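2 protein chains.
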Amino acid sequence: MSVKAVALYTFLSENKEEINIQENEELTIFDENSVDGWYLGENSRGERGLFPKTYVEIVRTRSNSNVTDCSISPEGSLGNDSPYFSSTPNTSGQINDEDYYDDWDDWDDGSTVVDDDHIRSPGANGYAHQTPTSNNPNVHYRAKSVPGPDSMSSSRKGSMVGRNLNRFSSFVRSGVEAFVLGDVPMMAKIAESYTIEMGPLGPKWKENPNPFICSIEDPTKQTKFKGIKTYISYRVTPSHTGRPVYRRYKHFDWLYNRLLHKFTVISVPHLPEKQATGRFEEDFIEKRKRRLILWMNHMTSHPVLSQYEGFEHFLMCADDKQWKLGKRRAEKDEMVGAHFMLTLQIPNEHQDLQDVEERVDNFKTFAKKMDDSVMQLTNVASELVRKHLGGFRKEFQRLGNAFQSISQAFMLDPPHRSDGLNNAISHTGRTYENIGEMFAEQPKNDLFHMLDKLSLYQGLLGNFPDIIHLQKGAFAKVKESQRMSDEGKMDQGEADGIRKRCRTVGFALQAEMSHFHERREVDFKDMMQAYLREQIAFYQRVVQQLERTLRTYDSL
Amino acid sequence: MSVKAVALYTFLSENKEEINIQENEELTIFDENSVDGWYLGENSRGERGLFPKTYVEIVRTRSNSNVTDCSISPEGSLGNDSPYFSSTPNTSGQINDEDYYDDWDDWDDGSTVVDDDHIRSPGANGYAHQTPTSNNPNVHYRAKSVPGPDSMSSSRKGSMVGRNLNRFSSFVRSGVEAFVLGDVPMMAKIAESYTIEMGPLGPKWKENPNPFICSIEDPTKQTKFKGIKTYISYRVTPSHTGRPVYRRYKHFDWLYNRLLHKFTVISVPHLPEKQATGRFEEDFIEKRKRRLILWMNHMTSHPVLSQYEGFEHFLMCADDKQWKLGKRRAEKDEMVGAHFMLTLQIPNEHQDLQDVEERVDNFKTFAKKMDDSVMQLTNVASELVRKHLGGFRKEFQRLGNAFQSISQAFMLDPPHRSDGLNNAISHTGRTYENIGEMFAEQPKNDLFHMLDKLSLYQGLLGNFPDIIHLQKGAFAKVKESQRMSDEGKMDQGEADGIRKRCRTVGFALQAEMSHFHERREVDFKDMMQAYLREQIAFYQRVVQQLERTLRTYDSL
Numbered sequence: 175m176s177v178k179a180v181a182l183y184t185f186l187s188e189n190k191e192e193i194n195i196q197e198n199e200e201l202t203i204f205d206e207n208s209v210d211g212w213y214l215g216e217n218s219r220g221e222r223g224l225f226p227k228t229y230v231e232i233v234r235t236r237s238n239s240n241v242t243d244c245s246i247s248p249e250g251s252l253g254n255d256s257p258y259f260s261s262t263p264n265t266s267g268q269i270n271d272e273d274y275y276d277d278w279d280d281w282d283d284g285s286t287v288v289d290d291d292h293i294r295s296p297g298a299n300g301y302a303h304q305t306p307t308s309n310n311p312n313v314h315y316r317a318k319s320v321p322g323p324d325s326m327s328s329s330r331k332g333s334m335v336g337r338n339l340n341r342f343s344s345f346v347r348s349g350v351e352a353f354v355l356g357d358v359p360m361m362a363k364i365a366e367s368y369t370i371e372m373g374p375l376g377p378k379w380k381e382n383p384n385p386f387i388c389s390i391e392d393p394t395k396q397t398k399f400k401g402i403k404t405y406i407s408y409r410v411t412p413s414h415t416g417r418p419v420y421r422r423y424k425h426f427d428w429l430y431n432r433l434l435h436k437f438t439v440i441s442v443p444h445l446p447e448k449q450a451t452g453r454f455e456e457d458f459i460e461k462r463k464r465r466l467i468l469w470m471n472h473m474t475s476h477p478v479l480s481q482y483e484g485f486e487h488f489l490m491c492a493d494d495k496q497w498k499l500g501k502r503r504a505e506k507d508e509m510v511g512a513h514f515m516l517t518l519q520i521p522n523e524h525q526d527l528q529d530v531e532e533r534v535d536n537f538k539t540f541a542k543k544m545d546d547s548v549m550q551l552t553n554v555a556s557e558l559v560r561k562h563l564g565g566f567r568k569e570f571q572r573l574g575n576a577f578q579s580i581s582q583a584f585m586l587d588p589p590h591r592s593d594g595l596n597n598a599i600s601h602t603g604r605t606y607e608n609i610g611e612m613f614a615e616q617p618k619n620d621l622f623h624m625l626d627k628l629s630l631y632q633g634l635l636g637n638f639p640d641i642i643h644l645q646k647g648a649f650a651k652v653k654e655s656q657r658m659s660d661e662g663k664m665d666q667g668e669a670d671g672i673r674k675r676c677r678t679v680g681f682a683l684q685a686e687m688s689h690f691h692e693r694r695e696v697d698f699k700d701m702m703q704a705y706l707r708e709q710i711a712f713y714q715r716v717v718q719q720l721e722r723t724l725r726t727y728d729s730l
Numbered sequence: 175m176s177v178k179a180v181a182l183y184t185f186l187s188e189n190k191e192e193i194n195i196q197e198n199e200e201l202t203i204f205d206e207n208s209v210d211g212w213y214l215g216e217n218s219r220g221e222r223g224l225f226p227k228t229y230v231e232i233v234r235t236r237s238n239s240n241v242t243d244c245s246i247s248p249e250g251s252l253g254n255d256s257p258y259f260s261s262t263p264n265t266s267g268q269i270n271d272e273d274y275y276d277d278w279d280d281w282d283d284g285s286t287v288v289d290d291d292h293i294r295s296p297g298a299n300g301y302a303h304q305t306p307t308s309n310n311p312n313v314h315y316r317a318k319s320v321p322g323p324d325s326m327s328s329s330r331k332g333s334m335v336g337r338n339l340n341r342f343s344s345f346v347r348s349g350v351e352a353f354v355l356g357d358v359p360m361m362a363k364i365a366e367s368y369t370i371e372m373g374p375l376g377p378k379w380k381e382n383p384n385p386f387i388c389s390i391e392d393p394t395k396q397t398k399f400k401g402i403k404t405y406i407s408y409r410v411t412p413s414h415t416g417r418p419v420y421r422r423y424k425h426f427d428w429l430y431n432r433l434l435h436k437f438t439v440i441s442v443p444h445l446p447e448k449q450a451t452g453r454f455e456e457d458f459i460e461k462r463k464r465r466l467i468l469w470m471n472h473m474t475s476h477p478v479l480s481q482y483e484g485f486e487h488f489l490m491c492a493d494d495k496q497w498k499l500g501k502r503r504a505e506k507d508e509m510v511g512a513h514f515m516l517t518l519q520i521p522n523e524h525q526d527l528q529d530v531e532e533r534v535d536n537f538k539t540f541a542k543k544m545d546d547s548v549m550q551l552t553n554v555a556s557e558l559v560r561k562h563l564g565g566f567r568k569e570f571q572r573l574g575n576a577f578q579s580i581s582q583a584f585m586l587d588p589p590h591r592s593d594g595l596n597n598a599i600s601h602t603g604r605t606y607e608n609i610g611e612m613f614a615e616q617p618k619n620d621l622f623h624m625l626d627k628l629s630l631y632q633g634l635l636g637n638f639p640d641i642i643h644l645q646k647g648a649f650a651k652v653k654e655s656q657r658m659s660d661e662g663k664m665d666q667g668e669a670d671g672i673r674k675r676c677r678t679v680g681f682a683l684q685a686e687m688s689h690f691h692e693r694r695e696v697d698f699k700d701m702m703q704a705y706l707r708e709q710i711a712f713y714q715r716v717v718q719q720l721e722r723t724l725r726t727y728d729s730l
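Just so you know, the sequences run in chain order Y and F.
So the first sequence is numbered by the working numbering: it starts at 175 and just counts up by one.
So the second sequence is numbered by the working numbering: it starts at 175 and just counts up by one.
No lab work stands behind these hints, which were simulated from the structure alone.
Predicted, not measured: the structure shown is a model, and the values here were computed from it.
Some clues are possibly wrong.
Any copy will do: because identical chains look the same in the list, a pair fits if it lies in one copy or spans two.
[Unchecked claim] List of simulated lysine-lysine pairs, PhoX-like, C-alpha gap at most 25 Å:
id : residue 1 : residue 2
1  : K699      : K498
2  : K190      : K506
3  : K400      : K461
4  : K568      : K618
5  : K400      : K495
6  : K674      : K498
7  : K699      : K398
8  : K568      : K543
9  : K618      : K403
10 : K178      : K538
11 : K398      : K178
12 : K190      : K395
13 : K663      : K568
14 : K653      : K398
15 : K542      : K495
16 : K461      : K380
17 : K178      : K543
18 : K653      : K663
If we strip away everything but chain Y, and leave its shape as in the complex, we get (with noise of 0.2 Å):
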């Protein structure tokens, strides 16, 4: 069914079945449902072909707000976190969560996404190009946005400073080209604002003024509906409030969700996998809980995440009825991708954009590397989880059973029996067997964290790619404005508005860039001495095994 849309931009077609529109153009779409980002349509003058789904808003008749598709395009079932919800520029019109939430009640049940997070292959998570088989949204995600002509050389072709053609353009999605450009009205009324500050190594975000800590406790299985829907609950505490409330994964899911649709030029910490089955056994509620405290943690850490109203109301609203209000309230938060770039206050010490062109280089280069060895650590500290629950619990225990036997043998010759040594040996077999199961017990003391701390650390630099790419498109949108107002054709107040803007940009992904450093110097820190701590105690209990286990041969 064919429905009407207008055109938000103006979008200049560069090959055949494109068609050029106008901003404001009315026109006509004749399957809402877009292949590849792209709508085949009609313009005002009668010219038939593909225009780019973000640069048009479908007009609902039925309605007297404007729906975007982008909040439930395809991919919203496939992913949690999929960074399609903050795509649209200028976005003004919501679905209602609540129905699509009432909906998809198991939405958390029926995915069947599942953890393949210890078996990805190095090179995934975007940084490399690879073949899209993963079945990791994320991967799937990131393969989509990388490849493709950057907007420099597709700018370059126009006469004036034309919009990216990158299809999957995390620059346009994003809603920064539509900013950097101006196209972004200011607001005359402005509630919300983040501040970017100077320090000493560069710009950073102001430090949230009420900082606090949360925890995520005790789940619980819970049922409703009569016991005919089963979840899990957790009780989250805030620090600034000590007042808990219970939370299922369904509104973490929410909560992140709004994130993405928010927070441009931010890496959004990703919530734990979705399960497809076996999610009410024990080791999955206690994996996804512990995962859920870092990306939890992380939250609270974060200056800008942590003061986000939706947030706010995700940690403190106790009373059904407010729940819904509040839920509401942010999903009609206007301040959302393009606009949240407006709640920006920047520092006024003068950046050179070549310096900061390439201290995100750099970042891009460590960015690159750091998930490489993230990977690596991944896969390493997966397979010894195996070999714990497999080959070093079976060595241990068949040694075990070897002395067990020697000591069977020693009873069966009644004279020479010598109950004493035999005892002592049936003892070292018991130990060997008790070692061998430590090993199985010790990744819930060292390694499940380790990986939970690393598969954080995934979600967090598989943001980086596109959020880097913002920065890119910007720059390249100064360079060609510049070049244009040197030609005369641009006023050179545009081409100054432009790079006012690229620096908004360039300061946000420095303080983000910033942030990230920060937090992994810690979190780096605290993983290491914990799995360093935990590996001692470890060896010294199979010690203290031993030890014990060898004074029964002392008195014989």
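For chain Y, the structure is supplied; the task is to place chain F on it using the hints.
Chain F alone, transformed into the frame defined by chain Y:
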């Protein structure tokens, strides 16, 4: 070429291809190469057929000494532990071993026997029926000796106390049958004497009145024939002289074969295995040295073996000419095989034969189970060695590499390098690489020693089925002779003589069983304690390494 021979004992044919031979009858042997221990020949009555090789002695016309072919049986070159060397009753002639060994100067080198004690399948060693496909000469021999009807079933067929017709019976080969039946004449003067006394747990060998120990040290590569031949020489120092002698493996092997030749009912410890390749590699030399030391410890601990004149010669003779003389003297020793039984002094205590039988049966059950569990522990320990050198090392090194890689990533974004943390993580990486190496090195400290001892016990246990068979055979003779005496078919005096000599066999076997138990108690206690001590030291070193590493994070 046919040769003349004389029958040493009467043999009654049981199958149509066999012929009867009478004691002292002159025989013609058509083919001097016996097939499975049987000669094809003709008796004085012109009957042609098979008779047992061990029942006859070939008459050499070109020499004034009778030479049996047993000492250089086809198996002679196959295995250093072949009991065929002691298989001829009433052996009086000897081959000149000097020439034999001169021809086989590189016997040690040229053997194709490989060290397969780590891959032996459970149930070998003669306790269970099996396909004799193993390369292990010991297994080869045991597999032959076990099957077939036992002496009781075959002897029942005869009308007198018949001789055992089991072609591979150790009872026959060892000369114990001949001894029990009174066919071994008492000699006028017997210089040697070994006493069995009653201990609290039953008969035992009287201790060597001059006990000593003996070190084996400093394996050194030597050459002769201007460097054409290379061999390893060991410094052998007995405690009672304190004077070192230098011995090669071939000297040990000569001694070992003398022991097999002489000592009936004693479990002679096997020499460490020969190896086809890599004999001059450090690991092999070390392993052979360790195992020669264990072999030597068992020799010096044994009240009978430690007093053997040939052993004394081996330990003390430092002069080349004296060496050859002593060697010939040992090779001309007449108190071997059946005659060795004459050197045993037994207590006067009455032992019920039924009780002895039961005691032996218990030991047999015990030895079978111990053999199985020694095999099991050998397999487990060998696999553990492989894991230490492979899997364990690899896992820890991969973990170390992954940490190093994280640290390298962290160095890539200069303003945020945090050198202290990077160095600590890099140090952690090196620590785990080092722990990987420690795992690979550890078997030298513990598992290798365990495997050495288990290998010694595999050899000792492998001897027992044949030794037990001796007592079984003797016991059957007693029962048979008593029945015949009861039926008036045998003089009671003759039956009493058989019973008396059977007592000697029983006492000797019990003394040997008792010695085995005594040693295995000491040896396994030592083995377990040494293993635990090394394991404790190992895990303590791991803890120390990790603690040192953890401290590098403290100052951050």
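*Pop the pair K190 and K506 into one bin, within, between, both or neither, using alpha-carbon distances up to 25 Å.*
neither (38 Å within a copy, 109 Å between copies)
*What label fits K542 with K495 when the C-alpha limit is 25 Å: within, between, both, or neither?*
neither (45 Å within a copy, 78 Å between copies)
_Homo-oligomer pair classification [K495, K400; C-alpha up to 25 Å]_ = within (22 Å within a copy, 103 Å between copies)
_Homomeric proximity label, K699 with K498: Cα distance no greater than 25 Å_ = Answer is neither: 40 Å inside a copy and 73 Å across each miss the 25 Å cutoff.
*Should K653 paired with K663 be assigned to within, between, both, or neither, using CA atoms and 25 Å as the limit?*
So K653 and K663 pass the 25 Å test inside one copy only (13 Å; across, 125 Å).
*asked:* If the cut is 25 Å between Cα atoms, do K461 and K380 qualify within a copy, between copies, both or neither?
replied: neither (33 Å within a copy, 68 Å between copies)
*Please work out whether the CA atoms of K674 and K498 approach to 25 Å or closer within one copy, between two copies, in both situations, or in neither?*
This pair counts as neither: shortest intra-copy Cα distance 39 Å, inter-copy 105 Å.
*Quick one: K663 to K568, C-alpha cut-off 25 Å, is that within a copy, between copies, both, or neither?*
neither (75 Å within a copy, 64 Å between copies)
_Copy assignment of K618 with K403, given that the CA separation must stay at most 25 Å_ = neither (30 Å within a copy, 60 Å between copies)
*25 Å Cα cut-off: does K400 pair with K461 within a copy, between copies, both or neither?*
Neither way: K400 and K461 sit 28 Å apart in one copy and 72 Å across, limit 25 Å.
*Give the relationship of K178 and K538 under a CA distance limit of 25 Å: within one copy only, between copies only, both, or neither.*
Neither way: K178 and K538 sit 42 Å apart in one copy and 96 Å across, limit 25 Å.
*Using 25 Å as the alpha carbon limit, work out where K699 and K398 are close: within a copy, between copies, both or neither.*
Classified as neither; 43 Å inside a copy, 63 Å across copies.
Hint compliance for this structure: hints 1, 2, 3, 6, 7, 9, 10, 11, 12, 13, 14, 15, 16 and 17 are broken, all remaining hints hold.
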